[in-house]
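Please put together the full structure from these sequences, using the hints given.
Sequences listed follow chains A and B, in order. With positions in the first sequence counted from 1, the corresponding number in the working numbering is that position plus 517. With positions in the second sequence counted from 1, the corresponding number in the working numbering is that position plus 509.
Honestly, the hints are just simulated from the structure, not real lab data. Because the structure is a prediction, the values reported are computed rather than measured. Mixed in with the good hints there might be a few duds.
Simulated DEER-style distance windows between Cβ atoms [stated by the list, open to error]:
#1 620/B x 591/A: 52 to 58 Å
#2 575/A x 606/B: 42 to 48 Å
#3 560/B x 579/A: 28 to 34 Å
#4 728/A x 612/B: 29 to 35 Å
#5 560/B x 653/A: 54 to 60 Å
#6 583/B x 729/A: 24 to 30 Å
Glycine included, every Cβ here is placed at the ideal spot set by N, Cα and C.
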Amino acid sequence: MTTPTSVEDLSPGDHACLTFSDKEERLDIIAAFVRDGLGQGHKVVCFTESVPPDRLATELLEREVTTDEPLRVGQLAVQTCDEAWLSGGPLTAARMIDVLGGQLDLASREGYPGLRVTADMCWATRPIAAVEQLVVFEAEVARLFTDGRLTAICQYDRHSFDAVTLAFAAAAHPRAVAATVYHEDPVLRVCRQHSPPGVRIAGEIDYTRLDVLAHALSEALRLDHHLHLNLAQLRFVDAATAGAIVQAGLSLPAGRRMVIVCRGLVHKMIELVGGADLPQIRVTVADGEP
Amino acid sequence: MGSRDQVGPAGAEAGLPRSRGPIALDQAFDRQGLVALRAAVAAHGAGVGVPPGRVDDLVVLAHELASNAVRHGGGRGRLQLWRVDGFACCEVSDDGPGLADPEGIGRQRAPLAASDGRGLWIVRQLADEVRVRTGPGGTVVTALLRLPNQVSQLDQVSQPGR
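As structure tokens, then:
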């Protein structure tokens, strides 16, 4: 396993491992993976388990991945692991590789230059499956990637797997994908958001972390056209930091804007410092609890 | 935390409590202690009668007063929280050099381009009453949140309590 890479930097033939503990981050990376695959004209298949297929399609849409037309024409397929792998007999590594090989052949026959597959691996923790088959699978599946038509991300939820299996999974994948994290401690996490591109801030932020905020925002200002600031999981922001966020929005040149997703206290603070009703800043209130 | 009872007048208003109730939270803080201070204030909000929908307001104003003390008031301070006469009171004191314009500060929203000066504006927006006492020995700011089930009772009070 190598140093984690950004999902945008995956190339055809890459077999990558995504270990995650934050479901938002997982969905963000999957959305970028699907978006880039569709954009390159490849077929994309999502095997999902903890997120039902309908819900995954909605999550992709909310991350600005256009799914309706690709789903309709079959460029994008979303199915449960049950439908794909667990039906029709006991699960073995050989059978899983057959399924994947079949998907690859099907994509070729349909005229797609490549296939992107992402799979939630948590099915392997169920009694019906067997972790040792998973281990064989990850080791033997490598041959499917050699001709560069297949690109895959296997998703491992850190909460579902034991440390030994996680260590094995990490070692069995030539690549690992992860979000770019600007700052992480028990109070605050600031990372790059891949889809839509921008910055995600979770936890609590105050003026003592203005340097982290400035770094993350300046990178987004440089890389992205519109700046998406996902504050849906942010529970606290102080006046100084809310002011700095609004100032970053105001600094955008004409034609570019900052889109802030937030809720509760954070929404109130953005409004109190004057961030509402500005042409460069659009504030959206997220549903639910932080 | 010395002699600040002598430092300047407080803006008294009829009907608002001047006294202290039993202290529900008494916590010293510095820059590293702000996160813990916010957690402590949030945990004690209900204990001083603040309804769930306003605990966030209490946390914000406590943080803004405390971070002002850290940044401009000598780097540290002390926060006390109590309930009296239908109000939750949050008081932050510091040993800093004092404020130049205690009555004017935070009365207007800071320009969007300003790098600082939003804290007390926010406190004045969220609190029902803000009292500032300041002088060369330090600053004491007390923010009051009116508690909802006490409104009608308070309206009948014509004299400042003491």
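The hints, checked one at a time:
Taken as a hint, the range 52 to 58 Å holds for the pair residue 620/B and residue 591/A, whose Cβ atoms sit roughly 55 Å apart. Evaluation of the 42 to 48 Å hint for residue 575/A and residue 606/B yields a failure: the beta carbon distance comes to about 56 Å. Range check, residue 560/B to residue 579/A: about 32 Å between beta-carbon atoms, so the 28 to 34 Å window is met. Distance hint check: the CB atoms of residue 728/A and residue 612/B are about 34 Å apart, consistent with the given range 29 to 35 Å.
In this structure the supplied range 54 to 60 Å holds for residue 560/B paired with residue 653/A, their Cβ-Cβ distance being about 58 Å. With their beta carbons about 26 Å apart, residue 583/B and residue 729/A fall inside the hinted range of 24 to 30 Å.
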